[in-house]
Amino acid sequence: MRTVTFLPGYRKIDVPRGSTILDAAQRAGISINVVCGGQGKCGKCIVYLQSGRAEFDQQKYLRFFSEDELNKGACLACETTVQGDLQVLIPESTLIQEQKILIEGRDTQIELHPSVRKYYVELEPPTLADPSPDLTRLLWGIQKWGGPVAEKVYVPLEVMREIPTLLRHSNWRVTGTIALVPGGYRLVDLQENDTSNRIFGAAIDLGSTTVVAYIWDLLRGKVVAVASNYNKQISCGEDILARVNFAKKNGLVKLQALAAESINTALTAASNSAGIDREDIYEVVVAGNTVMTHMLLGIDPAYIIAEPYVPVVQRALSVAAGRIGIAGNQNCGLFAFPAVSDFIGGDIIADIISCGMSEHDEISLLIDIGTNFEVVLGNKEWMFSCAGAAGPALEGGEVLFGMRANPGAIEKITIDPYTLDPTYSTINNIKPRGITGSGLIDLLAELISACVIDRTGRINTQIEHKRVRTGAHFPEFVVAFAAETDIGKDIVITENDIKNLIMSKASIHAACVTLMKQAGVTRHEINTIYFAGAFGNFLNKKNATIIGLIPEIGLDQIKNIGNGAITGANLALINRGVRKTLDDIAKKIAYIELNAEPSFMDEYTSSTFLPHTDLTLFPMVQQLLDECRLRKG
Amino acid sequence: MGYDLHFGWTGVIGPVTLGATKAEGGTRKMAYHIGGGTTLPFLDTTPPSSSPLVALEICDNPEYWSPIVRHFCGDLVTTADDWAKTAETVYGADLVRLYLTSTRERNFSDIVSIGKTVESVLQATALPLIIEGSNEPRIDSDVFQKCGEVAQGEKLLLGTAEASRYRSIAASAIAYNHSLIAQSPIDVNLAKQLNILLREIGVQRDHIIIDPYTGALGYGFEYSYSAMERIRFSALKGDADLGMPMISSAIDSLNIKEVREADPEQQDDMAVQWEYYTGIAAAVAGAEIISVRHPKTVGLLKNAFASFKKSADFSEVK
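Heads up: the sequence lines are chains A and B, in that order. Oh and the first sequence: position 304 is 305 in my numbering, straight run, nothing missing. Oh and the second sequence: position 191 is 182 in my numbering, straight run, nothing missing.
Everything labelled a hint here was simulated from the structure, so no lab data went into it. Be careful, since some hints might not be right.
Stated by the list, open to error - Estimated spans, in silico, between C-beta atoms of each pair:
1. 37(B) with 631(A): 41 to 47 Å
2. 15(B) with 620(A): 54 to 60 Å
3. 524(A) with 209(B): 48 to 54 Å
4. 381(A) with 229(B): 33 to 39 Å
5. 128(B) with 381(A): 38 to 44 Å
6. 518(A) with 209(B): 17 to 23 Å
7. 128(B) with 489(A): 30 to 36 Å
Unchecked claim - As a list, the in silico EDC-like pairs of lysine to aspartate or glutamate whose alpha-carbon atoms are at most 16 Å apart:
8. 76(B) with 110(B)
9. 287(B) with 252(B)
10. 107(B) with 72(B)
11. 633(A) with 191(B)
12. 228(B) with 72(B)
13. 228(B) with 615(A)
For every residue, glycine included, the Cβ atom is placed at its ideal position computed from N, Cα and C.
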């Protein structure tokens, strides 16, 4: 054996005498540009011999080199054989350049490095002089064209059976698809002729309400289609608890099938709109909460919802998509995100990688708001997490005129502090039908700034104004009179609505503070607050701070990441390196059970005030409200 | 002694003035300046901390009052001014706390009579007064306005503001320079929130007395004690929004099961004992005013507080 050392990284590999440098480089895991498949035809694999003994016929390939290159010892990696121990310098230009792409919801680029790739190979037919078997010939070809080392590739029997016919029928021109799975490389598909430009993957956000699918062209690193639909499990129960109980009673089979069907519906819609064949989807990456992931994989979730709340599996899982009823290529793989606990699932791990908080020294606070909320505090060294029920108020539930972000929903609102007349905008700019979570947060902040409500959220009924009145059960503020609405009645916010909103915001803020106290971190040490979740993108950061939904930090330090679950799934789909980090992140996160935290109730009560009972925690808001009061006199 | 009985605290309980003498624009024989504490009560400090005040609660319609008190006081309960006078001259109370229970009658609207009642009680006793207004939000505004107006200059303590009902009482207190009681349900945060609300609509800190709400001994008093303790600790640590004197009134003491089911001959004693021990504990937790309903409790508490002050000096204990 001879030792080849590759510079500049000093990576070493032992190879038999007579091996090519290209072969050695591939074994060392270095991706060298081989456009011609290592036949000495393209001249792209230029390397420099630094020391040691090798054989290369420089005269034969003179056309590929400049004089300068020749003087520095240039040779072609595919045509140079190793004779003794060698030191070889690989210039930057010879390495395969990783494609950088920008993903929606993330402000830094990421390399295109999927775990599944296609290799088009043109093979020499066997002869009496070269009678090596079909499989060897195929895998060597793939290796030559930049694929993994031949003997490391596992070939499933069903693919093996197709090899002889396909090779001969295609006149030895085939495209092999190789996937990196936990056991190593696997030849998942073999097709006639060059199909290397048809390779797609899907990233899925499996939510308990909505399923979102992104289909990616894994060759070019582009999103080709997006689709979403409701999770069909809703027919078995609105919330997760109801569905787990349904599973307990009627078995898991139906819920598993509905989860897969929901994904399939989204995949079909997206494939159709992009005009691609679902057979060309080779990989599906799914980020979902712990119960959803269990259900999709057909793993009993019953023990997650009862004390002591134990999931069956925490780590990331790779399975054959076909086994759980996901329709893609017959050998399509499925990667499911890991979870931390019963309530901190793969969707939150996806949030974490999408905002990048696990890569930074600075401390970040991540808040994902839905019916439940999850909070994660930490940096690349440590993380604490907790989860709780926010109540449906911030999603528009338990609020008289609250609604989801559908057409006609008021999503932004301001109130003139003198006339008390609101100015609002609705989704699709049609007449208003109700108010979304982001609209409600605006409303709360505007009402306190205009002194219509006090810090406990009670409406000052002594104000004489047509918009301030006492309704059937509670005092209320009229946001839109019947004539200007689409529903023919006044859209109001009642004191009871406000109370529900304050309870929701208080539990979220109290959770943030509980984690901060646990970690010994003050608001000054938080570098960034990331908002994830359905209404993340529309949230007015200033108003969220005014009502004390989140700790007060600089407004420019608050970032909306929108649907972090799908962004994280996208990242893990297009870059397999990201996947390796997921299990480590999941293991690093300590879970704090809020119910077991004696100080939580106290934090909650002190948060049931606008913005907070301890006004020193909100100096900016305090100044703002003082100014408002002064202005009003 | 060698101990720092202030434990490094820097906060002071802000002063509140109850009552005004002639020189001060009122008609009371004294004015109390309560608050000013810099540590826990009954400690051996220089100057010594002042004893809690004891208020006797009376009302203008005994129909809504404890039968035990009605039985003990007899006809006295039918005339609020005689009752108030006796509280001062016979029972030895420091303050009279008048509950306007007449406002609890269905559809009550005789605001003029409220003014007359307050005026006659002011004439019957020279003690500073606490007036508890209506129990009905509908007439709050008129009742507090009337009380405030007829007692202008007397520096009353008006009760009771809550987070859901504070605007009318605050308006009267501000307009006629009275103080008010701010009651919250046994929670340090809620107490602070109400004080902020009051401050923000213009009630000065030195016009607020905190009522953290007191459950009877054995009926939740431990929560009240803990809330009072936390309020006081926060104040002494410098939280000005909690730095006000406290009032404690364990009115349920006369209605608890042990009193109701006591041997008729012992019922009176049982009620007094229960009220007395609750009052002692509330004073230890830091309350500056202990408000009671049974006349006998007044004297017992005053004796106890006096003896506490004496025995607080370690050197006298053999």
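Evaluation of the provided hints:
no.	hint	verdict
1	37(B) with 631(A): 41 to 47 Å	holds, 44 Å
2	15(B) with 620(A): 54 to 60 Å	violated, 39 Å
3	524(A) with 209(B): 48 to 54 Å	violated, 42 Å
4	381(A) with 229(B): 33 to 39 Å	holds, 38 Å
5	128(B) with 381(A): 38 to 44 Å	violated, 56 Å
6	518(A) with 209(B): 17 to 23 Å	violated, 34 Å
7	128(B) with 489(A): 30 to 36 Å	holds, 33 Å
8	76(B) with 110(B)	holds, 13 Å
9	287(B) with 252(B)	violated, 20 Å
10	107(B) with 72(B)	holds, 11 Å
11	633(A) with 191(B)	holds, 13 Å
12	228(B) with 72(B)	violated, 42 Å
13	228(B) with 615(A)	holds, 14 Å
Going down the numbered hints, you'll see the structure goes against 2, 3, 5, 6, 9, 12, while the others check out.
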